[in-house]
Amino acid sequence: MHAPARSLACGAGGRSTMKRVPRMTAAAMLLAATALNPLLCMAGEGRLLATGGVSMLEGSSGGGIVPWATLSGYGTRDELGTVAFATHVDSGDYRLDVQGAALTVGNRLELSVARQRLDLGTLQDRLGLPWNALGQDVFGAKVRLHGDLVYGRALQLSLGVQYKRLRDGTLPLAIGARDDHGTDVYLSATRLLLQGAGGYQLLLNGTVRATRANQTGLLGFGGDRRNSYRLVGEVSAGVVLSPSWVVGLEYRDKPNNLGFAREQAWADGFVAWFPTKHVSLTAAWADLGEVATLKRQRGPYLSLQVAL
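For the sequence shown, the tail end lands on 308 under my numbering, and the numbers increase by one without skipping.
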């Protein structure tokens, strides 16, 4: 990997608004962030390539489906890191599109926002539903508690929270969900081993999440089978083939709260390309199991991230 260098570029201030969330919120976050502290600079070459991870489905830094202890962007303790992303997943019967952004302050605190839209496709046709899609907004915060991804002996440890709100909860509530909004809390530990198997660098991550979300919240929160929080495990492993290429696997356990629709664990195999610190492209094959009575939901996952 490339050696870290100091950033000399500073960003311009701006203003934010909370009236039209989350798209206006995402844009305003990027513009308003530099007003937080006039001494902060926008991130340039502050951290090693790929150490900010990519943007996961809920907007936090991590892999595609699992949050890591990493923080978005490449800012050091005196800098801001910002990213924007777009993700598309086609499982065969469903299509999921996500757009969002994240801001990292001083390599300590990450704030994120994501807007999700799940096209119901086959399910709408089969059941004659009046809805063609489900939508959810996710607002996240993550704080680095301890350690460093690369340096020192301690794992990087981060605590995160994701507040999720359905834009229309009518369908999820009708099939047994108890709420149209909810909050996930998770703890992630991540380490990049510079001398891993075969001489390659190896990234390992483990996450424990407390959640009531059905299909990450797109089918509401809680259900007729279980309405309490459940602890679920999530893991990721990646091999750094070169400074620009990372391949890996992820697994995410899920609660099973709804009698109407069994929920299964998610998994993916991914390839991430980091041509520069400003752009990354992730391609994956995702296995989402059974989703809302439709079995064997598998297909391609594509995500583009732009970092400042």
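Be aware that one or more of the hints could be misleading.
Each pair of labels, with its calculated beta carbon distance range [stated by the list, open to error]: (1) D224 - A197: 42 to 48 Å; (2) L145 - G199: 41 to 47 Å; (3) R296 - L187: 16 to 22 Å; (4) V161 - L127: 32 to 38 Å; (5) N256 - L193: 17 to 23 Å; (6) G199 - R225: 46 to 52 Å; (7) N256 - D78: 29 to 35 Å; (8) G199 - P130: 54 to 60 Å.
Just so you know, these hints were derived from the structure itself, not from any lab.
The structure presented is a predicted model; accordingly, all values stated were derived computationally and were not measured.
Glycine included, C-beta positions come from ideal geometry on N, C-alpha and C.
message: For each hint given before, does the structure comply? Return the numbers of the non-compliant ones in rising order.
response: 2, 3, 5, 7
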